[in-house]
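Novice: Next come the chains, spelled out residue by residue.
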Amino acid sequence: MNHDLESALGELADRAEQSHRLGRAPLPVARITARARTRRRTRAAVAIGGAAAAVVLVAGTAFAFLPDRTSPAPPAITPSPSVTRTTPAPSPTPTPTVAPVVLPVGNPALPFGVCGSLVTSPAADPVDDRVAARLAPDAGAMTSGGYLAVGGEVERSPELGSSLVLAVPDGGPRVAVVRDGVVVGTAGFYPGTYDAMSGRSGNQGETAWFRGALDLTVCDPADGGPATPGRPLPAGTYELRPWATVVTFDGDLPPELAQGTLTLAQTAALDGAARATALGAPATVTVTGEADEQLPAPGTDVPLDATTTADRPACDGPAPAAPVRTAMLDLQVTPQATTFAAGSPLLAAGTVQYTGPGRLRAYGYYAIEYWIVRDGIVVGTTVQANDAFSVVDLGAGAPLAFAEDERGLTSCISGVDQPLSDGNPLPAGVYQVYPGWIFSAPVVRLPSETVPLQDTSAGYAVTLGTPFTVTLT
Amino acid sequence: MSWEDDLDRLVAERGSALVAYAYLLTGDMSAAEDLVQDGLVRTYTRRRPDDVTWVEAYVRRVILNTYLDAYRARRRFAAVTHLIATPEATDDELTAAGDRADVARALTVLSPRERACVVLRFFDDLTLPEIGRRLGVSPGAVKRYLSDARHKLEPLLGPQPGLSTEDVPTIARGAGR
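Chains as they are written, first to last, in full-length UniProt numbering: chain A, 1 to 473; chain B, 1 to 177.
Derived by calculation from the structure, the hints in this document are not laboratory data.
Just so we're clear, the structure is a prediction, and the values are computed from it rather than from any experiment.
We put the CB at the ideal spot given by N, CA and C, even for glycine.
Heads up, a few of these hints could be off.
[To be verified] Covered, in the sense of this in silico footprint (three residues per stretch, anywhere, with C-beta under 8 Å from a C-beta of chain B), are these stretches of chain A:
(1) 11-18
(2) 25-32
(3) 192-201
(4) 245-256
[Said to hold, decoys possible] Have a look at the derived ranges for each label pair, beta carbon to beta carbon:
(5) Pro303(A) with Glu56(B): 32 to 42 Å
(6) Asp8(B) with Thr120(A): 52 to 62 Å
(7) Arg61(B) with Ala281(A): 26 to 36 Å
(8) Glu56(B) with Asp180(A): 56 to 66 Å
(9) Arg61(B) with Gly272(A): 13 to 23 Å
(10) Pro159(B) with Pro191(A): 37 to 47 Å
When you get a sec, could you build the whole thing from the sequences and use the hints?
Specialist: Printed below as a string of structure tokens:
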């Protein structure tokens with residue numbers, strides 16, 4: 001059996017064209033025209049409104065840069081030791097002294113985002129609201145010296161930027177940690193010095209979702225002012241403001257960007273390029289306690305295990321060995337119920353967490369899949385033809401959570417290399433259900449090197465969680 | 001000629017060909033017709049009258065993006081929801097026999113992007129970099145989609161040497177600088 005795809009597709013298209021011409025109703029051109037006409041009117045109205053808004057914006061911007069002659073000058077922002085010192089209770093052993101933390105002074109001359117800048121200062125590059133930097137902390141509070149698990153991304157706004165051609169930071173958004181209107185800390189998923197850019201274009205630009213544990217420490221002021229850089233931020237409430245420098249293009253994405261090896265400066269020097277700033281909604285976090293030193297980052301001292309790999313379960317094959325942490329990914333799944341009617345869906349919540357050093361980058365499926373085993377043989381799966389090939393970039397200490405999702409336990413198609421659901425519900429019985437997370441092309445990015453963990457020609461990889469018993473009634 | 005006349009002419013002359021192209025992507029005639037309608041609306045919301053040949057190429061690109069858009073739209077910030085490609089039906093009348101039937105059935109196991117890559121490569125005869133530009137992804141990602149497609153299609157269709165891609169560095173490897 002060998003089929004020539006080129007001729008088969010051509011023949012398929014010819015037949016479809018013929019079938020449509022002879023056997024189907026013509027395309028409703030009147031309805032198509034009416035829909036297009038309505039949209040053209042809407043676009044015209046939006047364009048007029050947009051022009052008016054632009055005039056207001058220009059006027060407002062100009063005004064903002066003029067000296068304000070009516071308002072009093074804002075109070076000078078001075079450094080203030082923010083640690084609350086308390087008198088230690090008498091104890092048999094001396095309490096370690098925590099040296100005061102000095103936060104950077106606000107400097108209105110610095111552009112927003114850099115250490116010591118004001119939150120009200122303009123960014124170095126104009127803001128483009130077609131691109132958004134986003135940040136989502138897992139919690140609203142953390143202990144000083146600890147880490148805050150967050151998710152983040154820099155992507156085109158779904159409403160405004162669907163056709164925008166641009167390059168975004170390959171390392172994800174930066175985070176300005178703000179207190180009393182001053183950027184006192186800077187954080188990110190990668191070091192601030194990592195400035196490689198990644199291209200996005202068309203309606204289908206790749207997206208990248210970052211997870212990581214941020215350390216909230218005092219930054220080093222860009223103007224050389226006084227501060228205690230590296231010290232954990234003291235107790236208090238802070239704003240986390242995501243931002244990113246992006247580069248937009250007025251034409252197609254330059255081919256140089258496709259390889260993902262250009263820096264920000266190189267990207268901005270390409271034809272048709274314009275630098276811009278992406279901003280996002282701030283999040284609030286409360287730091288409690290005091291710490292003299294920052295704890296080591298999760299995964300720092302863990303050696304990389306590049307060899308442990310789960311076998312991909314095969315339909316009609318033996319039950320897989322599990323759990324297996326492929327690519328040092330730990331999968332935890334909690335089913336809502338383990339006894340339910342045949343044909344009813346399985347409901348389960350789960351997380352996958354990278355447990356190794358550096359950062360793991362892979363193309364991941366945004367769901368947990370299941371392989372179903374009976375009498376030691378794989379008889380079913382939930383895997384379907386799937387298109388969730390988004391880039392995920394994971395750091396230790398920040399689990400990637402999956403929304404509780406209904407998954408039908410179905411039998412599988414035999415005889416294919418990558419088992420797929422055949423859509424038929426499994427009959428009543430007792431089964432072992434093996435949860436797994438599918439991903440491909442995983443690499444670990446260490447400060448010194450990037451280590452590929454999978455031969456990409458081998459199809460997808462899977463990390464397997466602990467199996468559980470399900471009874472279908 | 002007004003844009004309405006232009007649209008009329010395109011539909012009359014090339015409507016069925018556009019449906020056929022959309023059919024390769026969806027595997028379902030009704031879905032293909034819907035896709036073409038959406039593509040035409042999106043095109044003529046912006047376009048002024050132009051040469052039909054040029055407009056047809058443009059509409060094909062819009063059809064491709066519209067087809068894939070439905071899947072991208074499901075990816076949301078922090079919404080780690082499952083993305084399931086709707087199982088695509090095959091039209092019995094169209095796929096009654098031979099290679100056509102096998103290929104049409106086999107295509108249903110591909111994800112939308114894999115399927116789009118296969119169509120762009122084998123029907124539109126595009127190079128990897130050009131496919132990447134059409135889809136807004138890197139050549140390395142195209143290579144990955146085609147490689148995945150090969151793994152899924154070969155057990156069903158036999159060896160597919162055409163799906164062996166040249167050694168284009170992937171984004172992931174390229175990022176290892």
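Novice: Given the hint of 56 to 66 Å, check if Glu56(B) and Asp180(A) actually sit that far apart at their C-beta atoms.
Specialist: holds (60 Å)
Novice: Hint says 32 to 42 Å; check whether the CB-CB distance for Pro303(A) and Glu56(B) agrees.
Specialist: The hint (32 to 42 Å, Cβ to Cβ) is violated, given that Pro303(A) and Glu56(B) are roughly 57 Å apart.
Novice: Falls inside 26 to 36 Å, the C-beta gap from Arg61(B) to Ala281(A)?
Specialist: For Ala281(A) against Arg61(B), whose Cβ atoms are near 34 Å apart, the range 26 to 36 Å holds.
Novice: Do at least three Cβ atoms from the region 245-256 of chain A come closer than 8 Å to Cβ atoms of chain B?
Specialist: holds (count 3)
Novice: Measuring from beta carbon to beta carbon, are Arg61(B) and Gly272(A) in 13 to 23 Å?
Specialist: Holds, at about 20 Å.
Novice: Take the region 192-201 of chain A, compare each residue's beta carbon with every beta carbon of chain B, and decide whether three or more fall closer than 8 Å.
Specialist: n = 5 at 8 Å, threshold three: holds.
Novice: Test coverage of the region 25-32 of chain A by chain B using CB-CB distances below 8 Å; three residues minimum.
Specialist: Holds: 6 residues of the region 25-32 of chain A have a Cβ under 8 Å from chain B.
Novice: Taking a Cβ-to-Cβ distance below 8 Å as contact, does the region 11-18 of chain A have at least three residues touching chain B?
Specialist: holds (count 8)
Novice: Determine whether the Cβ-Cβ distance between Asp8(B) and Thr120(A) falls within the hinted range of 52 to 62 Å.
Specialist: Holds, since Asp8(B) and Thr120(A) (Cβ atoms, about 55 Å apart) stay within the stated range.
Novice: I want to verify a distance hint. Is the separation of the beta carbons of Pro159(B) and Pro191(A) within 37 to 47 Å?
Specialist: holds (46 Å)
Violated hint: 5 only; the structure is consistent with all others.
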